[in-house]
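Peer 1: Sequence:
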Amino acid sequence: MPEDVTAPIHVVATAGHVDHGKSRLLLRLTGMDPDRLEEEKRRGLTIDLGFAWCTLPSGREIGFVDVPGHERFIRNMLSGVGPVRLVLFVVAADEGWKPQSEEHLQILDVLGVEGAVVAVTKRDLVDDGTLEITLQEVRERVEGTALAAAPIVPCSSATGEGIDELRDALDATIASAPEPERAGRARLHVDRVFAVSGAGTVVTGTLTGGPLRVGDDVALLPADIRARVRGLQTHKRTLELATPVSRVAVNVVGPERTQIARGDVVARPGEWKPTGVLEVALDPVRGLGHELSARGAYKLYAGAAERDAKVRIYGRDRPGGANRGFARIRVAEPLVLGIGDRFVLRDAGRDETVAGGLVLDPSPPRRAGPEPESRLAARAASTPGELPSLLVAEREAVSETDLRLDLGPDVDGVANAVSAGGWWISPPTLERARATATAAVGAHHREHPLEPGAPAAAIRAAVASTLRPAGRPATGAIVEALLAEGSLVRDGAAIRLPGHRPFVDERSPELQRIADAVAAGGATPPTIAQLVSAGHPRAVIDALIRAGTLVRIAPDLVVTPAFVDRAVAEIRSTGASGMTVGALRERLGTSRKYAVPLVEYLDTRGFTARRGDVRVARGA
2 MPEDVTAPIH VVATAGHVDH GKSRLLLRLT GMDPDRLEEE KRRGLTIDLG FAWCTLPSGR
62 EIGFVDVPGH ERFIRNMLSG VGPVRLVLFV VAADEGWKPQ SEEHLQILDV LGVEGAVVAV
122 TKRDLVDDGT LEITLQEVRE RVEGTALAAA PIVPCSSATG EGIDELRDAL DATIASAPEP
182 ERAGRARLHV DRVFAVSGAG TVVTGTLTGG PLRVGDDVAL LPADIRARVR GLQTHKRTLE
242 LATPVSRVAV NVVGPERTQI ARGDVVARPG EWKPTGVLEV ALDPVRGLGH ELSARGAYKL
302 YAGAAERDAK VRIYGRDRPG GANRGFARIR VAEPLVLGIG DRFVLRDAGR DETVAGGLVL
362 DPSPPRRAGP EPESRLAARA ASTPGELPSL LVAEREAVSE TDLRLDLGPD VDGVANAVSA
422 GGWWISPPTL ERARATATAA VGAHHREHPL EPGAPAAAIR AAVASTLRPA GRPATGAIVE
482 ALLAEGSLVR DGAAIRLPGH RPFVDERSPE LQRIADAVAA GGATPPTIAQ LVSAGHPRAV
542 IDALIRAGTL VRIAPDLVVT PAFVDRAVAE IRSTGASGMT VGALRERLGT SRKYAVPLVE
602 YLDTRGFTAR RGDVRVARGA
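So for the sequence shown, the working numbering puts the first residue at 2; every next one is plus one.
If you are wondering where the hints come from, they were derived from the structure by calculation, not from laboratory data. Note that beta-carbon positions come from the ideal geometry of N, C-alpha and C, so glycine has one too. Be careful, since some hints might not be right.
Said to hold, decoys possible - Pairs of lysine to aspartate or glutamate residues, derived as EDC-like cross-links and limited to a Cα-Cα distance of at most 20 Å, are as follows:
(1) Lys300 - Asp225
(2) Lys274 - Asp407
(3) Lys594 - Asp557
(4) Lys594 - Asp614
(5) Lys274 - Glu334
(6) Lys594 - Asp566
(7) Lys274 - Glu401
(8) Lys99 - Glu401
(9) Lys300 - Glu104
(10) Lys99 - Asp407
Stated by the list, open to error - So the derived label-pair ranges between C-beta atoms look like this:
(11) Ala349 - Gly113: 22 to 28 Å
(12) Asp165 - Ala200: 34 to 40 Å
(13) Arg61 - Gly386: 26 to 32 Å
(14) Ile134 - Gly255: 54 to 60 Å
(15) Gly341 - Glu241: 28 to 34 Å
(16) Thr259 - Gly386: 49 to 55 Å
(17) Asp165 - His291: 52 to 58 Å
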């Protein structure tokens with residue numbers, strides 16, 4: 002039966018120079034040979050990633066990713082350590098520090114390692130004096146790096162000397178390492194894909210962020226190929242639930258093996274958004290002998306993915322030595338990255354690792370804008386809890402969908418921001434929009450005093466003019482926020498200021514002429530179309546209707562208030578017996594064209610009630 006295992010299974014990556022005994026050490030620790038390829042067996046070095054696992058004295062289960070040490074296989078080494086933050090660093094006692102020892106340390110240093118143990122292997126091949134020289138060299142080399150506090154344990158895979166001490170050191174390091182996120186967005190970085198007869202496509206990788214369960218619908222990114230989890234395994238145990246951080250094999254239903262590649266990501270649909278452009282904090286590796294520039298033939302490594310990359314470094318001072326800089330990186334194919342993810346940058350032309358860094362914005366604005374360094378420095382200095390407000394402040398407005406894609410689905414709200422229409426709006430943005438919109442509506446009132454307000458489309462355009470291009474999709478939501486707070490009032494298809502009423506000067510000759518024309522028509526006054534044809538402005542007619550000087554009983558029919566009052570009085574005179582439409586038409590001396598819409602108007606306004614074929618005055 003599948004197990005529902007929720008206890009964390011810690012993952013540790015190996016690192017170190019070729020032939021320093023990483024694979025033999027793992028064989029001694031776990032009883033498993035991580036070299037799975039025939040070529041690896043024949044040549045005696047690790048070409049691709051290998052995997053092994055064991056249980057430590059505390060009962061903690063630990064999985065090892067054995068990565069290549071040879072410089073030609075640095076790509077696979079980066080795939081192995083990318084999503085892993087615990088490291089077993091190996092240096093052979095008989096050879097000491099070597100070039101790949103230094104390059105692997107450079108990579109670990111910029112990847113933000115959270116715990117490490119240094120194993121000085123092949124203890125049985127050297128005397129005590131040589132061992133002490135190697136130990137001292139290792140201490141000096143790791144000073145000031147991510148491995149500075151790592152315990153250094155001499156050991157021998159051949160004799161077993163120091164292996165128990167190594168297990169204890171691994172146990173203590175894991176116990177003191179920060180707890181990884183386990184309840185967020187699941188993301189499995191695919192490093193192997195194969196087909197199993199009778200089962201279908203299987204992917205393996207390191208699971209981070211959140212759990213995966215059998216039956217889950219998932220997406221294979223960046224291609225967004227939909228699939229379903231048929232089965233899960235970790236360390237050859239069948240599971241119902243896999244939790245991070247752990248090595249997991251996922252049997253997926255749907256895609257063919259050829260549709261998936263190393264570097265892809267398994268995630269829940271809608272929780273991650275692939276990106277081709279990102280803004281980052283860039284940290285050159287220690288000992289870099291030159292400055293970084295945009296002219297390098299760069300490759301970026303993140304998770305288990307490798308991408309060709311173009312780098313634009315912000316600011317005049319390019320990062321070099323120990324100086325952190327900020328940059329925009331464009332990759333040849335999309336990656337699935339989030340804020341806080343780490344990566345490594347290699348210069349393929351120079352064949353060297355040159356930098357690592359931290360993703361600060363996986364979906365940056367199309368244009369960097371003024372002072373991008375200040376904006377990115379603020380991101381780099383912010384805490385996770387401050388990020389939602391920072392994002393909204395940067396972008397003026399952020400949709401709830403984009404906020405969750407950037408920060409995860411558990412973001413409930415944004416401090417110091419206004420929510421409207423599915424968007425979060427920064428207070429300065431709303432204030433600027435408020436000033437612009439009220440000024441535009443006020444100007445319309447002054448220029449068109451007879452109209453109820455400005456056209457809504459014109460006000461939306463005015464608000465949009467205050468926003469940067471990235472924020473303009475939020476225009477409608479910002480107008481809704483202004484309406485909700487009462488700064489603006491919707492009046493039909495128009496928008497007005499609170500308290501505004503169309504200005505009607507009844508002493509105006511034009512107003513009087515229109516009122517006289519309707520009154521002169523008596524029971525059959527001219528229609529609105531006839532009034533307009535006679536040269537009376539439609540805006541003035543509408544103003545008279547809004548002012549109550551005329552009463553609209555149908556889209557094209559107006560009468561005087563006195564005519565309405567007379568109709569109510571006629572119906573009221575019949576008491577409870579009521580009056581038919583035909584009888585009212587005869588009493589008023591009008592036509593059916595006016596009588597029918599008139600009684601319907603009286604019904605809707607509550608003056609009368611219909612009972613069969615008659616109307617009865619309410620209260621009669």
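Peer 1: Evaluate each hint against the coordinates.
Peer 2: Hint by hint, here is what the structure shows:
1. Lys300 - Asp225: violated (23 Å)
2. Lys274 - Asp407: Cα-Cα ~8 Å, so holds.
3. Lys594 - Asp557: holds (11 Å)
4. Lys594 - Asp614: It holds: about 17 Å lies between the C-alpha atoms, which stays within 20 Å.
5. Lys274 - Glu334: With Cα atoms ~13 Å apart, Lys274 and Glu334 stay inside 20 Å; holds.
6. Lys594 - Asp566: Holds, at roughly 18 Å.
7. Lys274 - Glu401: holds (14 Å)
8. Lys99 - Glu401: violated (50 Å)
9. Lys300 - Glu104: holds (16 Å)
10. Lys99 - Asp407: Measuring from Cα to Cα gives roughly 41 Å; hence the hint is violated.
11. Ala349 - Gly113: 22 to 28 Å: With a Cβ separation near 23 Å, Ala349 and Gly113 satisfy 22 to 28 Å, so the hint holds.
12. Asp165 - Ala200: 34 to 40 Å: For Ala200 against Asp165, whose Cβ atoms are near 39 Å apart, the range 34 to 40 Å holds.
13. Arg61 - Gly386: 26 to 32 Å: Because 30 Å falls inside the window, the suggested range holds.
14. Ile134 - Gly255: 54 to 60 Å: holds (57 Å)
15. Gly341 - Glu241: 28 to 34 Å: holds (29 Å)
16. Thr259 - Gly386: 49 to 55 Å: At roughly 43 Å between Cβ atoms, Gly386 and Thr259 fall outside 49 to 55 Å, so the hint is violated.
17. Asp165 - His291: 52 to 58 Å: violated (45 Å)
Hints 1, 8, 10, 16 and 17, counting from the list given before, are not met by this structure.
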